[in-house]
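Between the sequences and the hints, there should be enough to build the whole structure, so can you do that?
So the protein sequences, as listed, match chains A and B. Residues in the first sequence are numbered from 71 upward in steps of one, following this note's numbering. Residues in the second sequence are numbered from 129 upward in steps of one, following this note's numbering.
In silico EDC-like pairs for lysine to aspartate or glutamate, Cα to Cα no more than 16 Å straight-line:
id	chain 1	residue 1	chain 2	residue 2
1	A	Lys280	A	Glu85
2	B	Lys316	B	Glu301
3	A	Lys271	A	Glu259
4	A	Lys178	B	Glu301
5	B	Lys172	B	Asp379
6	A	Lys278	A	Asp300
7	B	Lys310	A	Glu139
8	A	Lys224	A	Asp207
9	A	Lys280	A	Asp300
10	B	Lys316	A	Glu189
11	B	Lys310	A	Asp164
If you want the ones that stay clear, here's a sample from chain A, every Cβ over 12 Å from chain B, calculated:
id	residue
12	Glu225
13	His290
14	Arg297
15	Phe320
These are computed hints drawn from the structure, not numbers from a lab. Owing to the predicted nature of the structure, the values given are computational and were not obtained by experimental measurement. Built from N, CA and C at the ideal position, the CB exists for glycine as well.
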Amino acid sequence: MDNLAVKETEKMIIERSKISVEQLNAWFGEKQVLFNINMELFENRVTAIIGPSGCGKSTFIRNLNRLHETLPKTRVCGKVYLDGQDIFNHNCCDVVALRRRVGMVFQKPTPFPTMTIFENVAAGLKLYGRKPKAELDQVVEQALKQAALWEEVKELLNKPGGSLSGGQQQRLCIARALAIEPEVLLLDEPCSALDPISTAKIEELIQKLKQKYTIIIVTHNMQQAARVADYTAFFLLGELIEFDFTAKIFTAPTDKRTEDYVTGRFG
Amino acid sequence: MENNWTQGLGQRKLIEKIFLSAVFASTALALVPLVLVLGYIFIKGAPALNFNFFTQLPAPVNEPGGGMGNAIIGTFIIVALSCLVGLPIGIFGGIWLALYGQGKRGFIIRYAADVLSSIPSIVIGIFAYVLIVATMKRFSAMAGGFALGIIMIPTITRTTEELVKMVPRSLYEAGLALGIPKWKVSLKIVLRTAWAGIFTGIMLSVARIMGETAPLLFTAFNSMYWNFRIDEPMASMTVQIYNYAISPFADWNAKAWAGSLVLVMLVLGTTVFVKKFSQRVYYG
Chain A
71 MDNLAVKETE
81 KMIIERSKIS
91 VEQLNAWFGE
101 KQVLFNINME
111 LFENRVTAII
121 GPSGCGKSTF
131 IRNLNRLHET
141 LPKTRVCGKV
151 YLDGQDIFNH
161 NCCDVVALRR
171 RVGMVFQKPT
181 PFPTMTIFEN
191 VAAGLKLYGR
201 KPKAELDQVV
211 EQALKQAALW
221 EEVKELLNKP
231 GGSLSGGQQQ
241 RLCIARALAI
251 EPEVLLLDEP
261 CSALDPISTA
271 KIEELIQKLK
281 QKYTIIIVTH
291 NMQQAARVAD
301 YTAFFLLGEL
311 IEFDFTAKIF
321 TAPTDKRTED
331 YVTGRFG
Chain B
129 MENNWTQGLG
139 QRKLIEKIFL
149 SAVFASTALA
159 LVPLVLVLGY
169 IFIKGAPALN
179 FNFFTQLPAP
189 VNEPGGGMGN
199 AIIGTFIIVA
209 LSCLVGLPIG
219 IFGGIWLALY
229 GQGKRGFIIR
239 YAADVLSSIP
249 SIVIGIFAYV
259 LIVATMKRFS
269 AMAGGFALGI
279 IMIPTITRTT
289 EELVKMVPRS
299 LYEAGLALGI
309 PKWKVSLKIV
319 LRTAWAGIFT
329 GIMLSVARIM
339 GETAPLLFTA
349 FNSMYWNFRI
359 DEPMASMTVQ
369 IYNYAISPFA
379 DWNAKAWAGS
389 LVLVMLVLGT
399 TVFVKKFSQR
409 VYYG
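Here it is as structure tokens:
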């Protein structure tokens with residue numbers, strides 16, 4: 071074992087698991103899309119999920135906030151523990167409370183079209199419970215600053231959310247997710263609809279956000295995974311093929327299929 | 129020298145010209161009745177219109193003056209009552225159909241709404257008569273509002289359903305992902321996004337029931353006096369126009385024209401206003 075690998079093994083021991091997934095299976099109707107996934111997602115780390123289209127990446131993270139089961143004819147079995155609590159157990163974990171701890175940003179920006187920029191960011195707080203106006207102002211400003219959007223929109227808070235550019239809209243959605251102060255942030259291909267400059271901004275943001283949050287990012291872009299992630303998981307046809315340090319996945323993968331994928335031989 | 133291709137072109141242009149003129153002619157023809165009806169109502173109705181028409185009670189035969197004030201107010205009251213019946217059921221029914229109505233129950237409800245919308249309005253009037261007028265043993269504005277409300281239900285339901293369905297699922301999921309309870313996402317995000325369109329549908333439906341006569345004939349009946357009690361007979365413009373129009377008195381006939389003009393202006397005004405000012409929401 072070379073020096074680097076030893077160092078990384080040592081680091082792994084002090085990592086704290088935020089979410090642990092055990093024997094997760096998921097179905098769309100009769101079609102099984104996830105097969106026996108076992109995985110640990112570590113606190114304050116960025117984990118990238120890569121793999122070809124239709125390999126179950128999105129379904130996987132949509133199970134972490136139980137969005138998968140809101141679609142008709144879907145089924146899940148297995149266990150997902152968030153800080154040791156089973157999220158599928160209705161006795162100890164309410165789905166609304168879960169989603170406030172596990173925020174999500176989608177592939178396409180989804181600002182609420184009837185709301186202003188301010189209302190969009192405040193939506194999660196306002197529609198959950200009343201908050202005093204002054205506090206709301208502060209939270210919105212804070213969230214927009216964290217999402218690196220404040221400087222661009224501070225004069226436009228009463229403009230509709232849809233009036234921003236695509237990249238700004240996506241950062242607005244990140245701000246909206248951050249405003250409810252989650253512990254985990256799920257990013258489902260957050261940059262796939264954006265230009266390189268907006269992408270760079272969001273990647274920079276991810277690096278900052280991981281100080282506070284546990285981040286899981288699904289991406290089609292392997293360079294992106296290599297740039298932002300501490301850990302990378304490779305999915306293929308609904309199975310988790312390999313999960314390791316990002317450097318290891320991209321330089322010395324154990325599995326032949328991972329190697330083929332990251333070197334661009336298929337997928 | 130002409131080849132086949134250019135001959136074909138000439139022929140094609142000719143066909144296009146014939147076709148286009150046919151389309152224009154049909155459009156113009158379709159507009160003729162509209163212009164004639166509106167023009168005729170205006171010519172016949174305008175002379176009998178004056179300020180008193182809007183403020184005074186109907187005058188007895190052979191007595192000059194008088195108006196339709198009570199009927200105009202009555203129409204508004206009855207329409208408001210019908211909104212109380214039709215809007216909640218229609219809107220909530222539409223939301224249910226859009227969000228949960230994929231199965232057999234949804235199919236049955238959708239089918240029932242379509243059947244209900246094809247039932248002649250006079251039949252719905254008889255239904256309201258049996259249910260409310262016969263049990264209360266008197267005509268009432270309530271019964272009229274109830275009948276018109278039932279007529280509104282299917283239109284409102286289907287409009288709401290279509291517009292709620294047009295809201296992309298991604299917005300619904302984005303709401304859920306923020307940890308907002310499902311019912312709140314449906315009301316505060318999905319319905320709010322669809323609301324501009326639903327409002328247009330509601331106003332068009334209101335404009336439509338404003339012009340209904342048959343269901344009011346034996347429910348709200350008519351009244352020659354000011355009446356603001358909803359458990360008593362109430363005048364409405366349509367019934368008043370009907371009574372005046374079939375009467376043998378020239379003065380009453382003229383008033384029927386004036387009433388028609390006011391009614392058409394109200395309905396047309398509502399429609400035009402709503403079409404012009406309703407904003408569409410575009411989904412990114």
